[in-house]
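Visitor: Protein sequence lines correspond, in order, to chains E and A.
Position 224 (the first sequence) corresponds to 224 in our numbering; numbering is contiguous.
Position 34 (the second sequence) corresponds to 34 in our numbering; numbering is contiguous.
These are computed hints drawn from the structure, not numbers from a lab.
For clarity, every value in this text was computed on a predicted model and none was experimentally measured.
Dumping the calculated DSSO-like pairs for lysine-lysine here, alpha-carbon to alpha-carbon at most 30 Å:
#, chain 1, residue 1, chain 2, residue 2
1, A, Lys-60, A, Lys-50
2, A, Lys-209, E, Lys-57
3, E, Lys-57, A, Lys-173
Here chain E is said to cover these stretches of chain A; the calculated rule only asks that three of the stretch's residues, wherever they fall, bring their Cβ under 8 Å from a Cβ of chain E:
#, region
4, 108-119
5, 153-167
Note that the Cβ used here is the ideal one computed from N, Cα and C, for glycine as well.
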Amino acid sequence: MDHLGHGLALDHPIFNSPHATSFDHVQKARPKQYEGLKSPLHPKGVPETYRLVLFEKDKPDGWNPTIVSHEGYFTDIPGFENLAEGNSSKMLGSLSLARQGRYFYWGYSADPARLTAGARMTLLNVIHYMHWNRNSLTVPFVCRTRKILWVYTRLGRDTGYKRGVEEHFPNSLLPDLRKTYTPSFEGASTWVDKYLPYVFSGKEPRHRNARYKNLYEVDSDAMALGTPNDSRKSLERWIRLARGAAGEDRGRARRCLERYVHPDIRPEDGDWEKWYARQRGRIAFIESSGFWWQESPVVLEREAAAKVR
Amino acid sequence: MNASTWLLTLCLLWTTAAGQQPMEIVGLPANAPLTLSASASNDELTLDVKMKPGWHLYAKDVGGGEPVSVTIEEGAAFTARKPLVVPKGTAGKLTGAFRLVLPLKRSGPRDALKARFAFMACDPIECLPPMSVTLTGSIPQAHEQGVEERLKVLLVVDVADSRSQRISDFFGKHGLATTVATYWEVTKSACDASDVVLADSKLFRKSVKGSRARVLAFPKTSSPIVAVGFLGTELIEAHGIAMTSGYI
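Turn these sequences into a full structure, and let the hints steer you where they fit.
Guide: Right under this line is the structure:
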């Protein structure tokens, strides 16, 4: 990434309080690799020409790293804030400004001599904003989300870079699954269309991998039930099936509940319906913490604040 | 000027002097046997209640009806600093004119205050169903510059040099109290004692040799961290935060 940014969340306090901010900008044609894509900060995609603002006065003598969030890697973490994208040559969705819990990522220089006036004021606002976030909660990182498999279906499609679909994608799967995969862009897309809603990771030793951090498995139970593992409707169906008549589906549903409901919040008495009535507004499905239905950090923050009352 | 105009003028003067902002009241049922006004400052939310003759609310649970409560709603930039201050009343009953005060603490940068006042009104014979009203208002930050002046920033760098001096000078010019430490010197207690830690980074491979190893051992502080650039991504990853997991 260079000195530019786009997709700024301009109504956020970091661009408004306590200092007003304004940025010079350049108009550019949409890069080919952004075509047809959306991101949390570009929910309708990028128009044919779009505006990039200057965070630094000129191109740095090197590169600034971005947080890769293609089409929302982290949007399933309650409270995560996408605040600006960097000018990435890879794909849309590379964050230059972002907050998760007590951590803020500033993807540009912090040297006021390099920053534009708008960026300098934004940096001050970030300091101000973050001091309010001392008690912000988030979840620990356990594994990469499944989104990376989708990214491989797009990354390099227009530039001829094939290592993603030929090497990284298959080697991110458990060995048995690799025979279901054809190492090409088309093969990757076909695999993703069929299996992605049922992919999980981060739970067993077999999911750990030194090279790729984690390997992905396909949940045959969730797939047989036609229940994407991150959907609330699926959770509610598993709960209904789990108390139903004995049979294959009940077994599958019970295994799914055990697999995806975090041990810290499972019902001790096995009464999933009562449990869900109590927890439905408190829980969220989060992939990067290990593909769990778990207490939302935003809810925990709110409850902690309420204890003062 | 008649008596009511004098009273209004007096109220306005008091509101301005105390930094109180009027709160909008929504949802008070027409049959509620009381009148209500509310205002708030950065420190407290004040409700002035006047009961119709013969009616009362409950200050505490005496077995007759729900006691009064005021709770902050989601989306507000405030939390309650202490429990609601309620007059004792007579045998737990609140009659006539009385004031409820909720001590507040600002918890966010925005100005919105939204609260719910819940109560049950009774006369000697019967109680009306529980009622609640929503109070909304906008409370500007008091002495905005003063808040910023109090902020203590710990600037952590690979080496104290002209760059760190520029950052420190810039923050100082804008009222931030900045202390500089290197990645070799920084301690958890110094981080914890700061309002915000800014972990700086030069461009990739341009920081002092050995910086990355020090960043990987960065103290797990309870203070918020603004993590900059390359070393920032390493720090966030070392602290087990998901947002740097997306590298390809």
